[in-house]
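Chemist: What follows is each chain in one-letter form.
Protein chains: 2
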Amino acid sequence: MPFEPTPASIPPPTVLLRQDPPTSWAVNYTALNPLSVLLRAALIYPDKPALIHEDVPRPVYYTYAVWAQRVQNLAYALRAAGIRPGDRVAVVAPNCPLIADAHYGVLAARAILTSINYRLKKHEIHYILEHSGAKIVIVDHEYAHLVRDFKAGPIIVSDDTGREGCAYEDFLASGRLYSDEKGWRGLEMEPDESAGATLCYTSGTTGRPKGVLTTLRGAYLAAVANAYESRLTRESVYLWQVTRVLPMFHAAGWCFPWATVFAFATQVTIRSVNNTHIWNHFLRTGVTHYCGAPTVQIGLINAPEARRLDKTCTAIIAGSAPTAALIAGLEKLNIATTYGPMTRNYPQPAWAALSAEERSKLVARQGHAFATADEVRVVQQREDDEIVDVPLDAKSVGEVVMRGNIVMQEYFSDENATRNAFRGGYFRSGDLAVRHPDGNISILDRSKDIIISGGENASSLAIEQELAAHPDVLEVSVVARPHPRWGERPMAFVVLRPGKDRDGFEERLNAFARERLAGFECPDVTPQVLDGTLAR
Amino acid sequence: MPFEPTPASIPPPTVLLRQDPPTSWAVNYTALNPLSVLLRAALIYPDKPALIHEDVPRPVYYTYAVWAQRVQNLAYALRAAGIRPGDRVAVVAPNCPLIADAHYGVLAARAILTSINYRLKKHEIHYILEHSGAKIVIVDHEYAHLVRDFKAGPIIVSDDTGREGCAYEDFLASGRLYSDEKGWRGLEMEPDESAGATLCYTSGTTGRPKGVLTTLRGAYLAAVANAYESRLTRESVYLWQVTRVLPMFHAAGWCFPWATVFAFATQVTIRSVNNTHIWNHFLRTGVTHYCGAPTVQIGLINAPEARRLDKTCTAIIAGSAPTAALIAGLEKLNIATTYGPMTRNYPQPAWAALSAEERSKLVARQGHAFATADEVRVVQQREDDEIVDVPLDAKSVGEVVMRGNIVMQEYFSDENATRNAFRGGYFRSGDLAVRHPDGNISILDRSKDIIISGGENASSLAIEQELAAHPDVLEVSVVARPHPRWGERPMAFVVLRPGKDRDGFEERLNAFARERLAGFECPDVTPQVLDGTLAR
Chain A
1 MPFEPTPASI PPPTVLLRQD PPTSWAVNYT ALNPLSVLLR AALIYPDKPA
51 LIHEDVPRPV YYTYAVWAQR VQNLAYALRA AGIRPGDRVA VVAPNCPLIA
101 DAHYGVLAAR AILTSINYRL KKHEIHYILE HSGAKIVIVD HEYAHLVRDF
151 KAGPIIVSDD TGREGCAYED FLASGRLYSD EKGWRGLEME PDESAGATLC
201 YTSGTTGRPK GVLTTLRGAY LAAVANAYES RLTRESVYLW QVTRVLPMFH
251 AAGWCFPWAT VFAFATQVTI RSVNNTHIWN HFLRTGVTHY CGAPTVQIGL
301 INAPEARRLD KTCTAIIAGS APTAALIAGL EKLNIATTYG PMTRNYPQPA
351 WAALSAEERS KLVARQGHAF ATADEVRVVQ QREDDEIVDV PLDAKSVGEV
401 VMRGNIVMQE YFSDENATRN AFRGGYFRSG DLAVRHPDGN ISILDRSKDI
451 IISGGENASS LAIEQELAAH PDVLEVSVVA RPHPRWGERP MAFVVLRPGK
501 DRDGFEERLN AFARERLAGF ECPDVTPQVL DGTLAR
Chain B
1 MPFEPTPASI PPPTVLLRQD PPTSWAVNYT ALNPLSVLLR AALIYPDKPA
51 LIHEDVPRPV YYTYAVWAQR VQNLAYALRA AGIRPGDRVA VVAPNCPLIA
101 DAHYGVLAAR AILTSINYRL KKHEIHYILE HSGAKIVIVD HEYAHLVRDF
151 KAGPIIVSDD TGREGCAYED FLASGRLYSD EKGWRGLEME PDESAGATLC
201 YTSGTTGRPK GVLTTLRGAY LAAVANAYES RLTRESVYLW QVTRVLPMFH
251 AAGWCFPWAT VFAFATQVTI RSVNNTHIWN HFLRTGVTHY CGAPTVQIGL
301 INAPEARRLD KTCTAIIAGS APTAALIAGL EKLNIATTYG PMTRNYPQPA
351 WAALSAEERS KLVARQGHAF ATADEVRVVQ QREDDEIVDV PLDAKSVGEV
401 VMRGNIVMQE YFSDENATRN AFRGGYFRSG DLAVRHPDGN ISILDRSKDI
451 IISGGENASS LAIEQELAAH PDVLEVSVVA RPHPRWGERP MAFVVLRPGK
501 DRDGFEERLN AFARERLAGF ECPDVTPQVL DGTLAR
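Note that the protein sequences, when read in sequence, are chains A and B. The UniProt record's numbering applies: residue 1 is where the first sequence begins, and numbers increase by one. The UniProt record's numbering applies: residue 1 is where the second sequence begins, and numbers increase by one.
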């Protein structure tokens, strides 16, 4: 397909992609900054495909050289629009080149990227725009109505065509003019590696969204760790999509916008939610890596288009614990799983001798700290506020806590929340877990999701894990239901696998549960014959 | 083979391998330190083989758990011996567990490791001991005579058996006592990531050896980059040896003592120079990775024991440029090459279509900056002392310069040499190179090795590259010889490949040279029928 980037996207004929180090730096010091990985990729692999965006009326394909020029243009345009170091730049966009640009261009302008989930309600998006103090919004045309009331600065709308005449493309072209052909040397490097990189907001939690501020140092070290742990290479093809795998707007795409480029890989962005498009990339573009929370992948593997892949693809799972059933389902499609940051599961040699189900259970553990992360601990708080490790007995429940370079800097503009999250000198995850004798951790639940039934602690996650092993279960979610006698009782919402017999299912599943679970853990089952999945 | 580590080497039954972060650190800050990779490996893979040392009367095998305990013992013993933060600890040892221990134990004592080449002359070793101000020497029994006159502190001799009764093992056992079972928490973490890690001395250069001081930050970032770039994994087996591959004492083993452990790999140390032992490890232990300068590997691939490997092994080449002939020779044995820090060669997709010889020439280029390194530049110095890049024309010769996190901190106790090395804000390598239109660099020579023949600059390396392509040449070294008419003339010392015809070789090689080289580059050839190789 003939594709021509805009004239402003075509770099001048030079390979020098370099910024000038501040004179205050020692010869052996460079502030860690994920921006550096793009300049290096564009220097070494200028002609390699960096971004592929195909399932749209006008597909675009950017090489590393062209993409780096677009990023440079964006940085100049932002500066010309008044953006100063430390300012926030908001982006509301689906998976498309624009948001990939922003993960570099905003940093190149020494600003902080606030990417916002476009599926939030308008008032939530406005709360985030206001709380972050964003000075500019770059928005995809489909979601422009969500930010129409933004008053703090310019709104740049992209029609996602990569064509001149689109406001976003004109904005980039203006940046090229401002650069005056000084190129990268006209953009000062951020001297402080503790400066902010991204400000992404929580959602689906209690209360108002909180802004998670990350640093350049943390983003860089997490990206390098991801590239290493996921075995990303220059042959890798990474997929961004919103309903079946991780979208880029979510939590800085778990640092994969930078990890992929560190590895010189190709990123595929699709705004489509169409299974045919998604599986087309797996089967024909040759996707080798993606990230995703467990629930969204249930839809991926159960799509009618799903086929076993010729070459192993790696799924980086995070967000919540994968069930053994999900891991087995992915393996059938030749999709290997790793369970990602901040912890990951490190398979042990002895596991090779176990049955698939036994192994799946071990693989579903959260494991150990990631490369470049500090040890993840499971702790209880003593009366004097000191935190102590739980015994390594696979039984004593504590809270998962962590610290180190890849932990966030703070909850933005929220000293109370930050102080609370960091009490005891660790980030308190709110996840309840046990620690096995080998130091592995297993998350039982979010602390607010633990079910207290007859005085016993039942883990909704552990119950889900067991029920998901039943062959007729497509998906299962367990919650606490108030109960007059037991205080709380677990209640299971179950999606029947298509084609399975509805009659007697409840009894079959209850019998299955009684075999595998303690009495206080046995749920009241409410089978739901639903279209699609529980996951939204 | 039954192997029992000393009682002091057996860790207490706990997996908690953790130091307390200084209270001054933010929750999202941990000083980068290569020590951390060992504690993580011992936590996650306690029972995995970390060190294998086999070709000695009493072989030893250390798991990660045991090794970490030995390292902890060493740190306590060093502190009890009076070692304070920033002190230097000298090690004179062949490839054996002792020197691997020291790469962690010395850092755990917050001291700086000075590992010394035991093949230097006694007076050179003493110069280094004195200049570094080492406070203690740990020495292998075979080389104890070299440090007998050391007066500044204790000399700990190891008999390399791993057995109680050896002075080094007793030293470790004493460390275990001092730890008082406080374990790792009794050793404070180094708060400053710019603190010294290693102090290794140059040799074979003009004048006195210079001490290259590296930082913890630099060592950590270089180790992570090496693990990534070399694709080290927990299945990897890394070989240390002294005559055919890189020994650990040399330049901190190019950071592979830490890169291997970051990857949870197994290190094999052999003190033997016996080809049978070396090839035994390639063929039976299953070595997957090693480092080496080009010259030492000529002996490796030409050993009678050499066989094609079943599984591809990766050779990380550095020190000088590999000839295309060497790369081809390694490929025949199923040994793939990467050309390592600070630069490496990044193969381009288009190279796949080229002939083996053409591709070898491209692969032999020094390439681009390594992961975690800043761009490597080729520069000339203007009259006003500003440095400017050479044109990317593959012709203009400049000096290779570099800066960034993986550059050394300084020449220890030598302000003049440091200032000179760092003039213009870059480390001046002294290597002369050109830069190709794609930004790749090719080193022509050390600046002092360039041959000026009839006013033309001849590169000894380029001449070596061409002569090495002749099928009868095993090894070649080109130097400048003074000449009454031309000023200098290249002179080649050539080792004839065993079994090749001595008669007429000179003429054959001269004819070959005339076909491939300019007149001023054609050397006077002095074929040498030598046993072994030129490389010592």
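Don't read these hints as lab results, they were simulated from the structure. Take the hints with a grain of salt, since some may be wrong.
Note that the list lumps identical chains together, so a pair holds whenever it fits in one copy or between two copies.
Straight-line C-alpha distance at most 27 Å; calculated DSSO-like pairs for lysine-lysine [to be verified]:
hint	residue 1	residue 2
1	Lys122	Lys395
2	Lys311	Lys151
3	Lys135	Lys151
4	Lys48	Lys151
5	Lys151	Lys122
Chemist: Look at each hint and say if it fits the structure.
Modeler: Results of checking the hints against the structure:
no.: 1; hint: Lys122 - Lys395; in the structure: neither (44 Å within a copy, 60 Å between copies)
no.: 2; hint: Lys311 - Lys151; in the structure: neither (49 Å within a copy, 62 Å between copies)
no.: 3; hint: Lys135 - Lys151; in the structure: within (9 Å within a copy, 66 Å between copies)
no.: 4; hint: Lys48 - Lys151; in the structure: neither (40 Å within a copy, 59 Å between copies)
no.: 5; hint: Lys151 - Lys122; in the structure: within (15 Å within a copy, 76 Å between copies)
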